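Single-letter residue listing:
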Amino acid sequence: MKALIQKLVETFSPSGFESPIRQIVRTEIEQIADEIQVDALGNLIARIGPRGEGQHSQGTRQKIMLAAHMDEIGVIVTHIDDNGFARFTTLGGVQPRNLSGGRVRFLNGAAGVIGIERLEKVTELPTIQQMFIDLGGSERKSCPVQVGDVAAFERPFAELGSRLIAKSMDDRIGVAVLIEAMRQLKHTPHDLYFVFSVQEEVGLRGATTAAFGIDPDLGLAVDVTGTGDTPKSIKMEVGLGKGPAIKVRDEGMLSDPRVVDWMVKTAEKAKIPYQLEILERGTTDARMIQISRAGVPSGCLSIPCRYIHSPSEMVDYQDVLHAVQLLVQLLSQPVKIG
Amino acid sequence: MNAATPKITTDQIRLLERLTNACAVSGDEGEVRSIVLEQVRPHADEVKIDALGNVLVTHHGKGENRLRVMLAAHMDEVGLMLTNDEEDGIFRFDTVGGLDLRQLVGKAMLVGGEHIPGVIGARPIHLSTPEERKQTLTLDTLRIDVGPGNSAKVKVGDRATFATPFKRLGSSLQAKAFDDRLGVATLIELVKNPPDHLDLLAAFTVQEEVGLRGARVAAYTLDPHLAFALDCTPANDLPAWDGSENEQYNTRLGAGPALYIADGSTISDPRLVRFLMQTAQTAGIPYQVRQPGGGGTDAGAIHKQRQGVPSVSISVPGRYLHTAVSLVRLADWQNSLALLHAALQALTPEILAAER
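Chain order of the listed sequences is A and B.
Using the working numbering, the first residue of the first sequence is number 1, and each one after it goes up by one.
Using the working numbering, the first residue of the second sequence is number 339, and each one after it goes up by one.
What the hints contain is simulated information worked out from the structure, not anything from laboratory work.
From a predicted model like this one, the values you see are computed outputs, not experimental measurements.
C-beta: ideal position from N, C-alpha, C; glycine also.
A portion of the hints provided could be inaccurate.
Stated by the list, open to error - Interface residues of chain A toward chain B, partial, derived using beta-carbon atoms under 7 Å:
1. I36
2. Q37
3. D39
4. D81
5. R87
6. T89
7. L160
8. T209
Let's have the full structure, built from the sequences with the hints guiding it.
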């Protein structure tokens, strides 16, 4: 699974420009899915119908939507100046403090380094308007990118013991968990819609339209969540290596308590470690699934992750494996919600 | 290309004059709506006014498997609403849509359905201190004054707009509310010159300036395959005061229609952006890319409707938008109309089969 994760995190696909990652995911799942479609906004939707033992169980067939977003945060060029430096703005929640000296890779292959104007005070945090991308040129006309071109942060995948670090673990690790769960799933009584969604980082846009189209009975997002286990960090129960997190609440969603209960009981029965998650800032695709159409019981399986929205997001490999295990358990059996 | 490009002549300019002089603050779009209805009815297969007041116009094309293409332009403009009657023709007010309070002081206004003249005044220089003159006046301290004679003709809840009449200045036009009467005027021309191979779904929307509310429900009803939002976007293109390079111009006057790649509410469908650029290049129409950044158009609500709608925005650049008087170039308007017309002629369902 590590090779899959590396392939996913080393692909560049900021919000709205998910074409490269969509091709890679498609290749990975083509042989597993019963049906694959790409919707109007670019969500990749793979359906797996009832199969194996349990497929004929009476009255237990549910339409379940699972969502992990393919997009990552990035930057978009707003201006090329006379000397060939590119000014830019952000796509998604890019934090200025993480940018200085960072490298970016454009979708057309061009590379650049982020520089900062001279600051009045060294202690002040630069704004995005005070930054620029140096593409190695010295004039506008030979600049390899133009206004509107997009880039993502460049940082190779690395392993530190059981910890994996890379850019875009948010949410390629969720994408990897969905793909791996699809592979391991031998039987299910359900209609499963694995949605590799777009434009999550700019406002959960892909999940909004995918949920409308699928009209599911039950929704689960698979995404990263923050942790409270680093020096002088925020207060948060979740830590790396203690199992995947079952979301109870975040800024944008209160998980359906019946969904939480289903996830907790399934984890306990299968002896899979888990944590309960309450996240103060941020939300996931599950928010839009929950409030789609007439409402959908929804929850979220989270992968604990340190340094989210930095170029070095860190997860624990055991948490990832346990997340796959839990997801397979959840989807293999009949579920009664409500 | 199988149809002549519609031209901006005296007739179109006169219609734009009527549209910009009409008062239609968000939620009170009736004046513009009646002009739109009068203009589109003779050319449309169906005209419907929906529950929120959007005008939804359909022109059917011929042939099988026709693309359903939505074009949206908003009828409403930013303005004020009277909130408290303090007698003798003095009213407190609140803003409707994005208005900079610094723009309000000392402006002549038109209030209510009868266009009653009023003024937003401020204490004159004789009676203010240097310290006071450094402060932006807050809404609490501002009033609209219509005079005691007219106080019975306006009431709390009435809207007010800037009392700026339309004017032509050679190759430029000046008026209030080019945002988005220019889009409305352009869309009227497209309804009058429709392509014959697709279904044109024109939405003259309400309440854009308060959160894209009309477009949201219009897109639900029209359920299009793809959409174009027609708007007017700020050009902040004057040279920088210190002679340095202006890097935050948003758009530039005279550089042609502004195509959106990303704004605060939408990431345009890359296929539609590429298609518009190619269409412009083929037809020899100048265009510019609006600087990616914040802001939003009706596309922000349309593209998230139902199962998703590939969308893009095209704007005429305008200086000094959301103030008492804005300024645009005739050539940018003509080129925007020409590009949209050419794009509709060239549009085929294949565009949606391509990789996004």
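Structure-based check of each hint:
1. I36: violated, 14 Å
2. Q37: At 11 Å from the nearest chain B Cβ, Q37 (chain A) fails the 7 Å test, so the hint is violated.
3. D39: Holds: closest Cβ of chain B sits about 6 Å from D39 (chain A), inside 7 Å.
4. D81: Cβ of D81 (chain A) sits 6 Å from chain B, so the hint holds.
5. R87: holds, 5 Å
6. T89: holds, 5 Å
7. L160: violated, 34 Å
8. T209: Since the shortest Cβ distance to chain B is 3 Å, the answer is holds.
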